[in-house]
Structure formats: structure tokens, C-alpha cells
Amino acid sequence: MAALEVYLAVSGGATRARRGDDPMKIIVAIKQVPARDSVLRVNGPGTWIEDDDLTFEINEPDAYALEEALQLKEKHGGEVIVVCLGPSGAAQTIREALAKGADRAIHIEEQNVSGLGPLGVAEVLSKAVAAESPDLVLTGLQSDDLGSGQTGVVLAELLGWSSATIIMQVELTGDGIRVKRELEDGWFQYISMPMPAVLTIQSGINKLRYATLMGIKKAKTKEVKQLSVSGLAVSPGTAATVEKIYMPQKTKQTQLLEGPPAEVAAKLVEKLRFEVRVI
Amino acid sequence: MSGVLVIMEQRGGAWNRMSWETLHAGQQAAAAMGVPCSAAVMGSGIGALAAELAAKKLDKVFAVDHAALGEYTADGFTAAAEQLVKAAGPSLVLLPHTYQVRDFAPKLATRFRRALVSDVTKVSVDGGALVAVRLLFQGKLNGDVRLPANEGPQFASLQAGAYRGDAVEAGSAAVENVTVTIDAGQIRQKPEAPFRESARAVDLTAAEIIVSVGRGIKEQDNIPMVEELAKALKAELAASRPICDAGWLPMERQVGSSGQTVAPKMYLAVGISGAIQHLVGMKGAKTIVAINKDPNAPIFEVADIGVVGDLFEVVPALTEELKKG
Ligand SMILES: Cc1cc2nc3c(=O)[nH]c(=O)nc-3n(C[C@H](O)[C@H](O)[C@H](O)COP(=O)(O)OP(=O)(O)OC[C@H]3O[C@@H](n4cnc5c(N)ncnc54)[C@H](O)[C@@H]3O)c2cc1C
Ligand SMILES: Nc1ncnc2c1ncn2[C@@H]1O[C@H](COP(=O)(O)O)[C@@H](O)[C@H]1O
Chain A
1 MAALEVYLAV SGGATRARRG DDPMKIIVAI KQVPARDSVL RVNGPGTWIE DDDLTFEINE
61 PDAYALEEAL QLKEKHGGEV IVVCLGPSGA AQTIREALAK GADRAIHIEE QNVSGLGPLG
121 VAEVLSKAVA AESPDLVLTG LQSDDLGSGQ TGVVLAELLG WSSATIIMQV ELTGDGIRVK
181 RELEDGWFQY ISMPMPAVLT IQSGINKLRY ATLMGIKKAK TKEVKQLSVS GLAVSPGTAA
241 TVEKIYMPQK TKQTQLLEGP PAEVAAKLVE KLRFEVRVI
Chain B
1 MSGVLVIMEQ RGGAWNRMSW ETLHAGQQAA AAMGVPCSAA VMGSGIGALA AELAAKKLDK
61 VFAVDHAALG EYTADGFTAA AEQLVKAAGP SLVLLPHTYQ VRDFAPKLAT RFRRALVSDV
121 TKVSVDGGAL VAVRLLFQGK LNGDVRLPAN EGPQFASLQA GAYRGDAVEA GSAAVENVTV
181 TIDAGQIRQK PEAPFRESAR AVDLTAAEII VSVGRGIKEQ DNIPMVEELA KALKAELAAS
241 RPICDAGWLP MERQVGSSGQ TVAPKMYLAV GISGAIQHLV GMKGAKTIVA INKDPNAPIF
301 EVADIGVVGD LFEVVPALTE ELKKG
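The listed protein sequences derive, respectively, from chains A and B.
Taking our numbering, I'd label the letters of the first sequence as residues 1 to 279.
Taking our numbering, I'd label the letters of the second sequence as residues 1 to 325.
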């Protein structure tokens, strides 16, 4: 690290004075979630899903956040670190991120992540992030399982850093960044802000890369730092957690058509012709 | 005051429609809790909006008017809302789950050492506690979050369509101006004017029939199969977001909260799961037909006619049947 860098302590985090052409240090928060087409079953006590027989993958927008970080690094130089708070099995998702090009990883091992609540998760992540004093933190805008849509924003607030959400483009502007934020109904807006900052990345911001064989090989030698929630000195359980989960109640009467495809097609066309009257 | 405070959303003097739904939720929750409901509007030059709120059945209307709130910024709105909540002292703060609220409400809640309970579809009272129902797993499951009702402010954001905006009760309320201090120099986000990407070549809103394709289609090479179905139905082709993100169909064919909002006579969803961000864009269709292999897909919660099956079998069969004429 350059001797010019100045470290300041700000509300628990460290702020680094970055110069325009300094390499970027970027942290990407990645979460492991059940694979998209998983059949979800509620567990016995009704507190979470039965996850023993599920396969897991990286949360979709997190994959885009990682890609964005890798592209920024390729353009400006620097380091990409992934941080994941999750069970031991999340090691797989971490390896894949390393195979795609992340330089190193931090795995905060915790079996019961959903029990921490959104504030608890952000608090744990904030400790790990603060210790690294990055220029930029990228998160996904929302997790597929809990879907709080706020971990990145809370993280920024806990660190005392600026943030912006639902980001579709990131460019460096000397000592700051200019980002394209998605608004509703197809509108967008550019926002500039200083670093360090936390951005929540929207799916579709870039084109995802695949891991190369070389990348997969290299990943095996990359550092994965192991941390624990208790080791980071946060007391979990500060936040409202989900106490019961269940299938949503149907509010609409749906006519279900069943049978072999040709039969179903005939039934459907008849309905469209005589009931819905659109053909 | 202990009560419910609804923070409404406006931009450039126009309400975000979801604010009214949240206001209705606030009125209902307050009645169930036996406490008053108030509403607040933040911005610059918002007198007329506050006056409009004053004609609703509310305890108070809080007007937070400040030059630094003319344009939305996360820092400005968080600072203003923090001071507002401290001045009003509610036990529950409700906000619409909009893109703007996603941007600042988590910061706001954090300042009170709370977690925002986001994506809520129902707020009820159970034995002195608040129970918020929220969406999990992209709407495939619901979860109950229990919050203490009398321990200072709790924060929840309400999902689109959960409550009826047209059911807000009328009445009259006094407007109270809340003076906030915002140091414009402390606002780190510098926003530029919102814009729309190039004009839309396709106007899905005019279509009578829409066939919409989702990730169930698996590969770009399979899109023509759905195109053919659309042709046989004389329908416009639309898509869920991942299809447009992947570039398999142009962005202008995306339906949902960040795409177009459509209300055709018929919307046929093929291999679309029915995430809320998609539903808000097509729920208004007169008839919704869904083809999905997962009987528990949330799309079936809004569908009038459902086919549980493999789209690779059902779609070609349907096209063929239509061609028979
Ligand atoms: C801020 C924000 C804004 C968003 N804006 C939008 C938006 O404007 N529009 C939008 O659509 N989404 C939007 N999204 C994304 C949204 O949350 C969902 O991720 C997305 O709608 C899912 O698309 P999908 O249903 O096509 O894919 P998936 O959720 O992956 O669903 C695919 C479906 O296909 C079914 N399927 C698979 N194979 C078959 C088969 N052989 N036969 C039949 N069925 C099959 C599966 O059962 C599944 O239900 C937004 C998200 C966020 C957070
Ligand atoms: N347990 C976790 N470990 C690492 N990152 C996380 C975790 N939970 C949430 N995140 C990040 O925060 C984003 C938003 O998650 P959420 O607030 O749960 O919707 C995700 O897309 C991740 O980037």
C-alpha cells in the first residue's frame, strides 16, 4: 500500500484518503442461497426451509456485483475480496468466486444466518469490512431467500459511508464515483459521490463471465480467511427475525387445466375462444 | 404520540401511488392497535400536498419542507426523516416499498437501532405485538415477523398492491410543520436529472393480448417457439427481466416494476415464476393465464387459468391447436 495513504477512524470504520490513480480495493458481499429451481419445503417447526437436500448457488445479483468488481479491477488495477457470512457449505460458492477472479476471500462461518436478522447480518459484515478499509463495497441489491433488500444500505450506515442502490453502471471520477441508478418504470438517474461507498448492484448490469480451467486451478491456492460471528464481537439477535414461515394463501380462484399437452391445449383454446373471448 | 406514522412519497409534487396504499395500511393498523394514525410528506414546496393529506382521516399531517429536499438524496432524506420520527414519536413507521424507500429507509431504521421490515404485505396486531407478514424466496413463501408494539419506533415498508389505495378514509387533520436542519454540505450524493433510455419502439400498453416469456425458456434458441405462439394469438411478445438482462429480447419488451406496466385483455405467462416485481407490471390484465411446471409458483396466485406442465410440451401443442383455426 502506498505510503501516502492516510487512515482516519470514522464511526467504527476506517476511511482511506484515495488518490485518483491509486489501485482500487473492492469488497464484494456474496451470499449463498438455494438454487433457483429448488422445491422449497417448510421445516418441522415452521421456522425456515428444509435445506438438507437442496443445492445452493451464489445469489444472482451478487454474481453481477462480483463481475462489476472484477471489471473495475481490470480497468483500474487493485484487489477484489469477497466476503461471505454463511454455513460451512458456503465454501463452495466462495471457491467459485475465487475461480472467477477474486483475489482472496473472507468466510464468516455461521450456520443460522437468517436468525441474525438484517441488522445483525450487516453488523457482522461491517466488522469484517472495516478491518479491510476498502474504497468500494459492492453487494447485490437483494437476496433471493430473505430478500430484505437492505444489507448494503445498513452496512454503509454502520460504517458511516455513502451509498446508492439498484445500480446499473459504475465509473470512477478521480476520487469519487458516478453511478447509474435504476428508478421505476424504465427511468434512470446518475449520481456522483465520494468514496468509500457501498453500492447495491442490480442484475443485468454487465455480462457474467465463466470461470476458466486456469481460474479454477488458481482458486485452490487463494487465501480464504476464516472468521466467526463471536470473534467479530457482535451480539446477534438485535433485529426482528422471521418467526414463522408458510406457503402464501391463494386469494384467487384459478381454473387448473390438466391432462396430456394436446388435450390441455384444446381445452385452453376453447376457453380463450368462448369464455375469455380473445380469439 | 404513540401511534402510526405513514411517510408518503412524492416526486416533483406528484404522489407515488403506493403511498396511498400504505396510508390505508396505516389507518387499518392504527385502528387495530387503538392508536392514532398520522402522515408525513417531505420535500420542497409541498404545501399543496400537505393540504391534500389534511382531508384524510388522520390525527396529524406533518409537513417537512426544506430547500435541501427538493431533489431526493439518501443523506438528505435520511436526515429529515430521522428528525421527523424523533419529533412525532410514533411506535410504528410505515413506508411504501418503492425504489426510493429501498435507498434510504434502511439507513433511517439503523439510526434507531432497528431493522426495517421490508416487503410487507400485511400488518396486524396479536396480543399487544405487531405482526408483519413479508415475502420470502421471491414470493414463494411468506414469513411472520413479530415486533414489540410499545418500544419506540418500528419500521416497515409495504409491498405494492398489499392494501387498497382507493380505500383511504376521508376526514380532516391539522397540518403541523416540522422544522428540520439539514446541512446541504453534508449531503454526499449529487444527483443528476432522471432520464429515460431511448424512446420505446414497442408500446406494450396498447396490446390486447400479450404472451410473455420467462427464464423457464432456458435458452435463447427456444425463444422462437414462444414467438410462434404469440403470432398464432396475434399477440405482442413480452418478457420477464432476466430474459432482457440476457439480451434474448430487447429491454423495451420487459414487463414489471422497472419495465412496462400493462393491462391487456389477456396476459399469457410462459415459464415466469411471478416475483412481485413482475406481478406489479401485469396484475391489471383482465385475464391471466400461466404455464409453469411448478404448481407452487407464485404466478398461480394471480392466474385465472393455470396449466401446470412443461412449457416445451404445452406451448407447441397450443400453437398447433390455434393454427387449426
Ligand atoms: C428492484 C427490482 C426490480 C425488478 N424489476 C423487474 C421487472 O421489471 N420485471 C421482471 O420481470 N422482474 C423484475 N425483477 C426481478 C424479479 O424479482 C424476478 O427475479 C424475475 O421476475 C424472475 O423472472 P422469471 O420469472 O422469468 O425467472 P424465475 O424466477 O427463474 O422463474 C422461472 C420459472 O419458470 C418455471 N419453469 C422452468 N422450467 C419450466 C418448464 N420446462 N416448463 C414450465 N415452466 C418452467 C419455473 O418453475 C419458474 O417458476 C426485479 C427485481 C428487483 C429486485
Ligand atoms: N450472509 C451474507 N453474506 C454476505 N453477503 C450478504 C449476506 N446477506 C446479504 N448479503 C449481501 O447483501 C445483499 C442484499 O441482501 P438482503 O439485504 O438480504 O436482501 C446480498 O445480495 C448480498 O450481497
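If you're looking for bench data, these hints aren't it; they were derived computationally from the structure.
Careful, some of the hints might be misleading.
Facing chain A, a subset of chain B residues (Cβ under 8 Å, in silico) [what the hints assert, rightly or not]:
{"no.": "1", "residue": "Lys60"}
{"no.": "2", "residue": "Leu141"}
{"no.": "3", "residue": "Leu237"}
{"no.": "4", "residue": "Gly306"}
The beta carbon of each residue, even a glycine, is placed where N, CA and C say it ideally should be.
Hints and how they fare:
no. : hint   : verdict
1   : Lys60  : violated, 26 Å
2   : Leu141 : holds, 5 Å
3   : Leu237 : violated, 16 Å
4   : Gly306 : holds, 5 Å
Consistency with the previously given hints fails for numbers 1 and 3, ordered from lowest to highest.
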